[in-house]
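Participant: Here's the letter readout for the chains.
Number of protein chains: 2
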Amino acid sequence: MGREATSAVVLLSGGVDSSVLLHHVVRTLHCTPVYAMSFDYGQRHKKELACARWQAEAAGVAEHRILDVSFLGDAVRAATALVAGGEPVPDLAALPEDDRDQPPTYVPNRNMVLLSIAAAYAEARGVRDVFYGAQARDEYGYWDCTTAFVKNLNRVLGLNRRNAVTVHAPFVWMKKCDTVQTGLDLGVDFSHTWSCYRGGDTACGTCPTCVERLLAFREAGAPDPLPYA
Amino acid sequence: MGREATSAVVLLSGGVDSSVLLHHVVRTLHCTPVYAMSFDYGQRHKKELACARWQAEAAGVAEHRILDVSFLGDAVRAATALVAGGEPVPDLAALPEDDRDQPPTYVPNRNMVLLSIAAAYAEARGVRDVFYGAQARDEYGYWDCTTAFVKNLNRVLGLNRRNAVTVHAPFVWMKKCDTVQTGLDLGVDFSHTWSCYRGGDTACGTCPTCVERLLAFREAGAPDPLPYA
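As given, the protein sequences belong to chains B and D, one line each in that order.
Residue numbers for the first sequence, in this note's numbering: 52 to 280.
Residue numbers for the second sequence, in this note's numbering: 52 to 280.
These are calculated hints, taken from the structure and not from any lab test.
Where hints are given, some of them may not hold.
Remember, identical chains collapse to one label, so a pair may be satisfied in a single copy or spanning two.
Straight line, CA to CA, 25 Å or less: simulated SDA-like cross-link-like pairs of lysine to any residue [what the hints assert, rightly or not]:
hint	residue 1	residue 2
1	K97	D125
2	K97	T83
3	K98	A109
4	K98	A56
5	K226	R212
6	K97	S121
7	K97	L118
As the structure is a prediction and not an experimental result, all values here were calculated from the model.
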C-alpha cells in the first residue's frame with residue numbers, strides 16, 4: 052500500500068501453475084504493467100497456447116507474446132517425449148522408478164532457454180522481475196523446476212552490471228492442490244487451462260501431468276472442469 | 052594420445068575469436084565430432100554468418116546450424132545498438148567512460164540465450180562440452196563475457212541430473228593479439244572473418260570491435276586482410 056507498482060514478466064504455458072501464477076501476479080501482487088510470454092517449441096500439447104491466450108486476456112495483461120522457438124523442439128526431438136515426433140508420452144504408472152528423476156517428458160534445457168529469453172525481454176524493457184510457475188514435484192521431477200535451479204540462475208543474472216533481472220518461483224514448494232486452491236480463490240477459470248502432455252482432443256487422464264492434475268483437484272475438493280477420455 | 056575423442060559444440064559467430072576457437076577445438080583439442088552453431092538474431096553485421104559458414108566448412112565440422120532467433124532482436128531492439136533498427140553503433144572513441152561497463156553494443160542477455168540453446172542441443176546429442184569464444188576486454192566490457200558468468204552458468208547446468216553440459220571459454224583471459232597469433236599458427240584465413248558492428252560493405256575501422264581488431268593484428272605483427280573504409 053503506497054508501494055510503487057512493479058512491472059513483471061510472467062512465463063505463461065497455459066497450464067494450471069502458470070495460469071494461477073499470472074492471476075496471482077496481477078491481482079494479489081498488483082504488478083503493473085504485466086507482460087505474459089508463451090512459447091511454441093513444437094510441444095505435442097500446443098492446445099496449451101490457446102489457453103495461454105485466453106488467460107492472458109482474462110487477466111488483462113499489457114502484452115502477451117507467443118514466440119516461435121520451434122527450432123528448440125527440432126534440436127532436441129530425439130531426446131524427449133514432449134515434442135511432436137519424439138518418443139511416445141508414457142503413463143505415469145508405467146514410468147520406471149529409475150526414470151523419475153528425469154522422465155522422458157523432460158525437454159533438454161528448455162526452461163533455461165525460455166527463462167533466458169524472458170530475462171532478455173524484461174531487461175530490454177527495464178522490468179526487474181520475471182515470474183516462473185515452477186513446481187518441484189513429488190511423483191517425478193525436473194532439475195530445472197527446483198529452488199537450486201532458480202537460485203543459481205539468479206546468480207548468473209545478478210552479474211549484470213546495470214539492469215539485473217530476478218527470476219521468482221513463488222509456487223515452487225507449494226503442493227499442486229494448494230495452487231489449485233489459490234486459483235479457485237482468485238476465480239481462475241480452469242476450463243481454459245491445459246495440462247495433458249498427449250495433446251489430444253480430450254485429456255488422457257493417465258500421463259504424468261494428467262494424473263497429477265486430477266489428484267490436485269481431488270485434494271482441493273473441486274471438480275476439474277476439463278473433459279477426460 | 053590414447054585419450055578418447057570428445058565431441059563438442061562450438062558457438063561460432065564468424066568473428067575472430069570464435070573462428071580461431073573452432074579451429075583450436077578441431078585441430079588442437081582434437082574434438083570429434085564437432086558441431087558448430089550460429090545465430091541470426093537480427094544483428095546489423097549479418098555478414099558474419101557467411102564467414103561462420105565458410106569457417107565451419109574449412110574446419111570440416113560434422114554439422115553447422117544457423118538458427119533463426121530473430122525474435123530475440125525484435126524483443127530487445129529498443130535497448131541495443133547491435134540490432135538492425137536500433138540506435139546507431141558509436142565509435143569507440145566516442146564511448147563515454149561511464150558506458151564502458153555496458154556499452155550500447157551490449158545485447159540484453161543475448162549470450163545466455165545462445166548458450167542455453169547450445170546447451171540444449173548438446174545435451175540432446177549426449178555432447179558434454181560447449182565452447183564459447185568469450186573474451187574479457189580491456190577497453191570496454193560485457194558482464195556475459197567474463198569468467199564469473201561462465202562459472203555461474205556452469206553451476207546452473209551442473210544441476211542436471213543426467214547429462215550435465217559444461218561451457219568452456221578457453222580464450223577468456225587471452226589478449227586479442229594472442230588469439231590472432233593462435234589463429235595464424237593454425238592457418239586460419241582471417242579474410243573470412245567479420246567483426247565490424249556496422250555491417251557495411253567494408254569494415255568501418257572506428258567502431259569498438261574494429262578498433263580492437265586492428266590493434267590486435269598490429270600487436271600480432273600481421274596485416275589484417277579485411278578491407279577497411
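Participant: As a check of your reading, is K97 near L118 (CA-CA no more than 25 Å) within one copy, between copies, both or neither?
Facilitator: Intra 13 Å, inter 22 Å, cutoff 25 Å: intra and inter.
Participant: Regarding K98 and A56, is the shortest C-alpha distance of 25 Å or less found within a copy, between copies, in both, or in neither?
Facilitator: neither (33 Å within a copy, 43 Å between copies)
Participant: Indicate which option fits the pair K97, D125 if close means a Cα-Cα distance not exceeding 25 Å: within, between, both or neither.
Facilitator: Classified as both: same-chain Cα gap 15 Å, cross-chain 23 Å, threshold 25 Å.
Participant: Between K97 and S121, at a C-alpha cutoff of 25 Å, which is it: within one copy, between copies, both, or neither?
Facilitator: both (11 Å within a copy, 22 Å between copies)
Participant: Using 25 Å as the alpha carbon limit, work out where K97 and T83 are close: within a copy, between copies, both or neither.
Facilitator: neither (28 Å within a copy, 36 Å between copies)
Participant: Classify it for me, K226 with R212: is the Cα-Cα distance of at most 25 Å met within a copy, between copies, both or neither?
Facilitator: between (36 Å within a copy, 22 Å between copies)
Participant: Please work out whether the CA atoms of K98 and A109 approach to 25 Å or closer within one copy, between two copies, in both situations, or in neither?
Facilitator: within (17 Å within a copy, 44 Å between copies)
In this structure, the earlier hints numbered 2, 4 are contradicted, and the remaining ones agree with it.
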